[in-house]
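The task is simple: from the sequences and hints, build the whole structure.
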Amino acid sequence: MTKHNTKLSVSNLDSFLGQNSKSMSDNTKSKIKFRGANFLMRLGGVKNLRRALKLFDEAYDLTAETYGTTHTRTYNIVNFIVVCESKLDRTIKAIKQSKN
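According to this note's numbering, the sequence shown holds residues 1 to 100 in order.
Just so you know, the hints here were simulated from the structure itself, not pulled from any lab data. Just so you know, not all the hints are guaranteed correct.
In the EDC-like style, the derived pairs of lysine to aspartate or glutamate whose C-alpha atoms are separated by at most 16 Å in a straight line are [said to hold, decoys possible]:
1) 47 - 14
2) 31 - 65
3) 31 - 57
4) 96 - 58
5) 29 - 61
6) 7 - 58
7) 29 - 85
8) 47 - 85
9) 31 - 58
10) 47 - 65
11) 29 - 14
Using C-beta positions, here's what the derived DEER-type ranges look like [unchecked claim]:
12) 15 - 61: 17 to 25 Å
13) 97 - 67: 36 to 44 Å
14) 12 - 87: 20 to 28 Å
15) 23 - 86: 32 to 40 Å
16) 100 - 28: 39 to 47 Å
17) 14 - 57: 12 to 20 Å
18) 15 - 100: 35 to 43 Å
19) 44 - 79: 17 to 25 Å
We put the beta carbon where it would ideally sit given N, CA and C, even for glycine.
Next up, the structure:
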């Protein structure tokens, strides 16, 4: 049996995120976007963090539509959005301080 590379990397992230099809449920699409956003957040960098925030927002919209805004899965995504925003703020401040 063939072993496939299941690890995310920068080179295969776009194809991973582009695997949405019409037959996929919103829950599955949300999980794919969440995993991609989490990967980008762990990479760091302003560009990656902004893209991660966009993906987290899309995942939140899909999850809130499926489960509602008071579901624990929706709260988890909100928590990751807050963490990503604070990481982005710290990164921007560090870049500004290094330029001065």
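Numbers of the earlier hints that this structure fails to satisfy, in rising order: 4, 6, 7 and 10
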